[in-house]
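There are 4 protein chains.
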Amino acid sequence: MSKYIHNLNQELTQWRRMFHSYPELGFTEYLTTYRIGKILEEWDYTLFIGKDALDSDARVGIPNKDILTHFEQKAKEQGVEESWLRKMTGGNTGLVATFDTGRPGKHIALRFDIDALPINESTHQSHIPASKAFNSINPRVMHACGHDGHITIGLGVAKYIYEHQNQLVGKFTFLFQPAEEGGRGALAMTKKGWLANVDRFYAGHIGIKEMSVGNVAATVKGFLASTKLNVRYHGNASHAGMNPETGKNALLSAASASIHLYGIPRHSEGTTRVNVGRLEAGSGRNIIPDAAYMEVEVRGETKELNNYMTEHAKRIINSAATMHDTECEITTVGSTEEMDCSSSIINNIKHACKKSNYVKNVISETSVSGSEDASYMMNEVLKHGGEATYMLFGTKLDYPHHHPSFDFQEEVLPVAVDTFTRIIEQENIYSIGEG
Amino acid sequence: MSKYIHNLNQELTQWRRMFHSYPELGFTEYLTTYRIGKILEEWDYTLFIGKDALDSDARVGIPNKDILTHFEQKAKEQGVEESWLRKMTGGNTGLVATFDTGRPGKHIALRFDIDALPINESTHQSHIPASKAFNSINPRVMHACGHDGHITIGLGVAKYIYEHQNQLVGKFTFLFQPAEEGGRGALAMTKKGWLANVDRFYAGHIGIKEMSVGNVAATVKGFLASTKLNVRYHGNASHAGMNPETGKNALLSAASASIHLYGIPRHSEGTTRVNVGRLEAGSGRNIIPDAAYMEVEVRGETKELNNYMTEHAKRIINSAATMHDTECEITTVGSTEEMDCSSSIINNIKHACKKSNYVKNVISETSVSGSEDASYMMNEVLKHGGEATYMLFGTKLDYPHHHPSFDFQEEVLPVAVDTFTRIIEQENIYSIGEG
Amino acid sequence: MSKYIHNLNQELTQWRRMFHSYPELGFTEYLTTYRIGKILEEWDYTLFIGKDALDSDARVGIPNKDILTHFEQKAKEQGVEESWLRKMTGGNTGLVATFDTGRPGKHIALRFDIDALPINESTHQSHIPASKAFNSINPRVMHACGHDGHITIGLGVAKYIYEHQNQLVGKFTFLFQPAEEGGRGALAMTKKGWLANVDRFYAGHIGIKEMSVGNVAATVKGFLASTKLNVRYHGNASHAGMNPETGKNALLSAASASIHLYGIPRHSEGTTRVNVGRLEAGSGRNIIPDAAYMEVEVRGETKELNNYMTEHAKRIINSAATMHDTECEITTVGSTEEMDCSSSIINNIKHACKKSNYVKNVISETSVSGSEDASYMMNEVLKHGGEATYMLFGTKLDYPHHHPSFDFQEEVLPVAVDTFTRIIEQENIYSIGEG
Amino acid sequence: MSKYIHNLNQELTQWRRMFHSYPELGFTEYLTTYRIGKILEEWDYTLFIGKDALDSDARVGIPNKDILTHFEQKAKEQGVEESWLRKMTGGNTGLVATFDTGRPGKHIALRFDIDALPINESTHQSHIPASKAFNSINPRVMHACGHDGHITIGLGVAKYIYEHQNQLVGKFTFLFQPAEEGGRGALAMTKKGWLANVDRFYAGHIGIKEMSVGNVAATVKGFLASTKLNVRYHGNASHAGMNPETGKNALLSAASASIHLYGIPRHSEGTTRVNVGRLEAGSGRNIIPDAAYMEVEVRGETKELNNYMTEHAKRIINSAATMHDTECEITTVGSTEEMDCSSSIINNIKHACKKSNYVKNVISETSVSGSEDASYMMNEVLKHGGEATYMLFGTKLDYPHHHPSFDFQEEVLPVAVDTFTRIIEQENIYSIGEG
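Protein sequences, first through last, are from chains U, R, F and W.
Here the first sequence stands for residues 1 to 435, where the numbers follow UniProt numbering.
Here the second sequence stands for residues 1 to 435, where the numbers follow UniProt numbering.
Here the third sequence stands for residues 1 to 435, where the numbers follow UniProt numbering.
Here the fourth sequence stands for residues 1 to 435, where the numbers follow UniProt numbering.
Next comes chain U alone, as it looks inside the complex (with noise of 0.2 angstroms):
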C-alpha cells in the first residue's frame, strides 16, 4: 500500500497546485468540476453531472444569474467542453463518481469538498504559492480553506480504487461536493438520494487542529449547528444636505443589527458563535443611504442552541429595521447540521493504520467548533443504519483556515490517502484474491 502511495506522490502535489491555480466560489466551480471529471472518465468512473449530481431545488444561496453567466463564459474561454457547460449551467456544479467492483460487499460513500472562498490571496513571497508560482490567478478567490487539498485527496483514492478493483469488493460513491463554504451544497446532494444505501461514509478535513503531519484523528466532535442568513434593508433616499429628515436609513439598520447582534447573551448551555461576514449599503457620499445587504451566520453547538441564536438574530434584525423606519428582508441561504461521529468506527481505523509508513497516530476524537455540511449527509447515512466519520488530518499551518496566507503542508496528502486506502482495503478486500 504505502508503495501505491510513494509513486503517486508527484501526481498528487501536481493537482493540488492545480486546483489552488483555479479556484472557484461554491455553485461556479464549472472549470473544478470539469476537471475532476476528466480525470475520473479515465478510470471508468461512472460520472454524474448538473440535475443527475444533485436536487437542483434544494441548493441555496445561489448566486444571481449575472454572476453566473459571467463565469459559465469564462469557463466556456478556460476550455470547458460545451456538452459539460449545458448540464452545469445556473449554478449546478459538483459532480458524483460511482464505481461498482460487480461483487458483493459494502457500499463506501467518500465526499470531497470542493469550493473556494472569496480571498484575496497573498502574493507575499513567504507565501509558498506564491514563491512557488501556484498562487490563484482569480483575484479575490483563494482555496484558503484546504479544499484544494481535499479534492486531491479524492483522486488519489479515486486511482487506487481502480488500479485495485480486483482486489476489491462493493460498491464506492465518490461525492465532489460543491458549495461546502456557507453550507450550501451538501443538502442538494443528500436530496437526491445518494445517501440512502450506504453502509459507510468517509469524510474529512485537513489541519484544523494543532496536530502535526502524520497525525489522524478518527473523529471529531464539536461541528457546530449553523444557520446562514441575508438580510436587506429597503428605506429612503434624499439629499443629505438638504432633506436629511425625509430619508430613511437602510446603512444605520444594518449598522445597528451588526453591533447588536454580536450582544446576543451568551448561552449556559454550551457554545454559540455569531458573524456578518459582509456589510454593504448607499450609494453615493450625500445620499441618505436607501439599501443595505448583510451576510449574516449564527451558530449552537446543539440544533436548540442555534435556533435560540437564529431567534434572537431575527428579532435583532427586524427591530433595527423599525429603529431607522426601514423594511428589512431576511432569506435563509445555508445551514449545517450538529455533527456526531460514529464512536463505532474508531477501532476499525486505528487498526487499519497499524502499519502505514505515513500514518504515525490516530487519536479517537477531537473537537472544533467549526460547522461543515457534510453533517447532512452523515445524520442521512446514520439514519439508515450505515456508520460514519469525519475525520482530521494533521499538519502545521503557520496561518489560519480563511487567511490570506493560509497555506498546508503537502505533506499531508499522502497521509490522507493513505488513511483513506487502508480503510478501503480492510472493509472492502476480496478475501478470496487475496488469500
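If you only want the chain R side, here are some residues facing chain W, beta carbon under 7 angstroms, derived:
| no. | residue |
| --- | --- |
| 1 | 242 |
| 2 | 244 |
| 3 | 245 |
| 4 | 266 |
Here are some, though not all, of the chain U residues that point toward chain R, as calculated from beta-carbon distances under 7 angstroms:
| no. | residue |
| --- | --- |
| 5 | 182 |
| 6 | 251 |
| 7 | 255 |
| 8 | 259 |
| 9 | 275 |
| 10 | 280 |
| 11 | 281 |
| 12 | 282 |
| 13 | 283 |
| 14 | 284 |
| 15 | 285 |
| 16 | 297 |
| 17 | 369 |
| 18 | 400 |
| 19 | 403 |
Just so you know, the hints here were simulated from the structure itself, not pulled from any lab data.
This structure is a prediction, so every number in the text was calculated from the model and none was measured.
From the three backbone atoms N, C-alpha and C, an ideal C-beta is built for every residue, glycine too.
Assemble chains R, F and W onto chain U, guided by the hints.
Here is chains R, F and W on its own, set in the frame of chain U:
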C-alpha cells in the same frame, strides 16, 4: 433677445437629452467633456482641457487607476479622439473655454458643472426620461442633480455670445467643471488661476427650492461648508466559528462609527449635517471582517461649524477603531466653503430681467442647505474685488434631487439662458454698436 | 422710580440669597411657596395656594408619593405652618397673588418661576454663593437657572405695587409658578383660568444671552416647543454567570435607545433638540438588569418639528425594547409650546425704560433655543386678545445655566425690577393722581 | 447523628428566618455578624472580629463612608453593642470562630458566606417568606442567594462540634465571610492567614443545580474566574436646549460601553461572561449628563479567559470615553479565581454519608458557571498541601438565584448540616472515646 431664445429652444432640449443619456461620474466625464468641447470649437472658443484647465494636484477624491482606465477605454470605444483622451487621461476632465471680444470691458466668468451621480435611474414609465427614451444608458449612473441641464444652459449662453460677439465687449470665461458632487473639482480649477481677474462671476442651479418655472432667485444663502472623508478600517480576519477571538472586526468599527456619527450634538449656532453615504465591509459570511470602507460627509452653516463637525467626526471614527481594536485611516477627499453672494448684484439682475418673456419674477434671495464647491470660485472672485452670485432657477420637481426618479421641467432651460444672456447684455453691451 | 429701586436694593440681595440657599425641585417647593406667601401677605395681596392656584390634574411629572411625603415632612420640620402644608400636600405648590386697585384699568399678569434643579452646587471658593456662604443647603439641589432671582424680582415688583397702590389703576395678578423645569407647572396654572382676562402678560429670564447688566431684550424668539418623556423598560432578571440567556436586558434597551435618540436626523426646516437627561438601570453587578428608567426630552422650533422629534423618539424607544426583547412604557410628563411675543409691545417697553438709571439699553428682540412653559400662559393671553412678552435681562455669566458653578450678577435684579415697574407705571398709572 | 439533626430542626428554621428577615449588603453585615457572634459565644468559641478576622486593606469594593456610617448607625439602633460596632466600624464585618479540642488531629476549616443582595424582595403571597411573614424588612435588600441558609448551616455545624467536643480531635475554624457577592471578602480573610495550616477545607452552596433535596454533589467544577469593575465617566454638563454642543455626554459613554461590552467576541477555548449590572447617569432631563457610573463584571472559565475578557472590557470602556470626549476611571472592586476541588475527597464524602437518613445520594461532581471567591481560600489550602472542596446541596427552586421571588426548601438545611457533621465525625473522631 427672447427671439434668440425662442429659436434656440429645440437645440436646448436635444442637448439636454443627449447629456442625460450619457451620465458620467466625477473625474470620468471623458465623453461629456469631449462633446462639450466639440460644440464650442465650432463657435470660435479657445479651449483648455486636461492640465491646461485645472491644477491636477489640487483635485481630491480621484477614482482609482483601474476605474479611470476602464472609463478611458470606454470613452475611446464611444469615439472620443485619442488627442483629447491623452490630455484628459488620469481623470483630468472638464474644460475651460474663453472668448475675448477684443474690446475693453468686464471679464465675466460663468460656471457650469457637468458630472452625474451613482444612482440607478428609474425605468418606470411615469419617469419622463424613461417614457421619452432618453434615460441613462450607463447602469448605476444618473444625472439626478440636473447637471445635464447646467451643461445645456452653458452651451446656450456660449452660443449667444458667439452669435452676438459684435455687440459685446470684454472677456468671457466658461468653466465647465468636473466633479462638483463631493466638492472635488472646483478648487482645482480655482487654483489654476481662472478666477483671479474676474469682474463678475455667475453660477446657478435648477430647481432646488419650491419655485415654479419663470421664477429666479438672484442670490442664495445657506450653502453649507462641508468636508468629505473616506475612512478605511483595517482589522484581522479569522474563522468566525473556530477562532472568533483572534479576529479584529473592521465591520463593527464602521458600524459603531456610523451610529455615533449621526449623534454628534446639534449646535446652537446653526445648521450642521452628517452622513455616511456608503459602507462596505467584509469578504465572506464566516470570516471576521478585516476591512471596511466608509464615505462620510459633514457640513456646517459656517466654516467654524463645519470644523466642529469635522473634529467630532474624526474623533468618533478613531474611537470606533480602538473600540474594536482595529486601525483606521482617514482621508479628506473633498470640501466646499460657505458662500456669500454679493447683494450688490441683486438689483442688476432684477433690472436685466424686467422685460423678459421667460423670467416672470426675480426674488432677491432664497436659502438652501446643500453644499457647492462653486464657493471656492466665488470666494476667489470676491477676494480679488469682483462680484459674484449663485442663482436658482425654478422648476416643479416631483422627486427631490438625488432621487432615482428626479426630473425637471425642460421649460426651465430657456428661462436660465435668458437670465444669463440678459445679464451679460446689460453688463457687456457694446454701447456704440447699440447706439 | 429709581429712588424706590435704590432703597430696595439691599432687600433684593437678601431675598435672593435666602431663596438661593433653600432650593427645591419642581412640585416640592413647599418652603419656597410658604416664604413667598408670608412676604406677600404683609402687603395686602390676596393669596391663592394649592388647588386654588392651579388645576391639580393638569400637572404632569409629579414626583412619586414617597418623595412628596419626604419633602412635606422636611418642610414641616423647617417650620412651614400646618394650614399651608395641608393645602399644598401632594405637590400642589406655587401660588397666585392678586391685587385689585379698585379703579378701572388694565389687568396685568406677571409670571415668576420658583423651582430649582437636581444639580450639586459647587463649593469651590471661586463660586460666589460658596465664598459668601449662601450656597445650597440641600444636597443635589441648586438654583442653577436663576429662578431665585426671578422670585426676588417678583417680590420687588409686588412691593412696588403695594407701596404705590394709590397711584395705580387696574388689576395685577402675580403667578409664582412651580415646576418650570421640565415644562410641568405652567399648563396647570393656565388651566385654572388666570390668564383668560389678562390685557398684558409679562415674564422674563435673567442672563440667557451675552448681554451685560443694564441691557434688556423686549422680546425673545426661538423658544422651542418641547415634549418630555419618561421611559421605563421591563425585562427579566437572571444570574449573569449561570443563566445569561434567560435574562431580558432592560439596561441594554435604555442604552440602545439613548444612542439612537441622538441620531434622529436633523431637519431641514429648523432647529431640533434631543436629550436623555437621566438613565438608571439594574440592581446588582451580576444580575441581568430587569428594569431601566430614562428621562428624555425633545424640542423643535415649531410644533411640527417637535412632533417630528416626538414621533421618531417614540419609535426608537419602542424599537429598543424589541431589540432586547423587553417591554416599554412611555409617559409624557411635560411639554412646552413655541412662543411668539407681541411685537406691538416693543416700543412701549423701550419708551418706558428711556429715563431709567438702571436700564441702559433695550433691544427689540433676541433669540434663544431653550424651552419655556410660560408659552402656555402667553398663548392663552394672545388667544383672548391680550398682548404678551417674555424679556431677557442681561448679566455676565462665567458658567452657563444648569452648571454647578452657575451664578449671575446681583446687579441684574434692580434692572429687572425697574423694567417691570416702569412698564406698569406707564400702563396703569392713575393719571389724575399723577396730574 | 441523625438524631442530633432531628432535634436541631426547629432551631435551623428559626435561625434561617431571622437572618432572612434582616438581610445586609456586603461589608454592612453589622447586625448579622453580631447575631452570629452572640450565638457562637454561648458555645465556647473563640471569636475574632473586625481587623482580627480579616486583612482590612485587602478588601475591595467597600461602600462609601456615608453608606457605612448610615448602616453603623442603623445597627446601633437595632441593638448592636458599642464594643462590637467599634471593632467592625468602616465595613470590617464578618467573623472567624475557632474551636480547639486540645487533642491532636486534623485542622478543618469551614466557610459560610453571610451577605445579601440589592434586590427588592417579592411580597406576593405565593412567595413563602411573604406569606409566612419572614421576608426582608430592609427595602431593596434581600437574601436572594441563600446565604441566610448558609449562616444557618454554619451555626448547626458549630453547635454539633460544641456538643460533641469530647468525641472530637483536632481544630476547627469557622469563617463567616462577608461580601461574597462581588467577590470582595474572601481574599481579605485569606490574607489574614486563616488558611495557611488547614488540612481540610469545606464550603458549599444550596440549590444551584437541578438536584432535589437529599442530593449532594461532593465537588463542583466550572466556577469561573471573574473580575468586577466599577466605572465612572466624567463629562461636561450643559443646557441641552441652549448649548448642546458644549456638553460632553457621560451617559452616552456608558451606553456605548454597555452595548459594546456584550459584543466582546466569544472565545474558542471556553466559557466567558460579561454583564453591566448597574448604570446610573445624568441629573436632570434638560441637562447634558456630565457623570455616569457603571458596575461591570466579566468572567472566564480560566484565568487566561478572564484576562482576555478584562482586557477587552477595559479597552471598550476607555474607547467609549473618547467616543464622546469624556474621561473615565476604572476601579477593580472584586475578583474570584477559578476553582479546582480535590477529587481525592470525593470518596470520603460518599462514605461519610452512606448511613445518613437525610442524604439520599452523593454524586461525585457537578458543574456550574457562577463565580465564588471561596476559590481564594481553596487555592490557599491546596497550595499548602491541604485538600478542599465546594459542595452543592440540592433543593427545588421555583425561581433562580438573584430573583425577587427566590426561595429554597428549608428541608435542605438538615441535609447540609448532616453532610458536614458526618464528614467531620469521620475525619476527626476521637477514636479512643469512641471505643
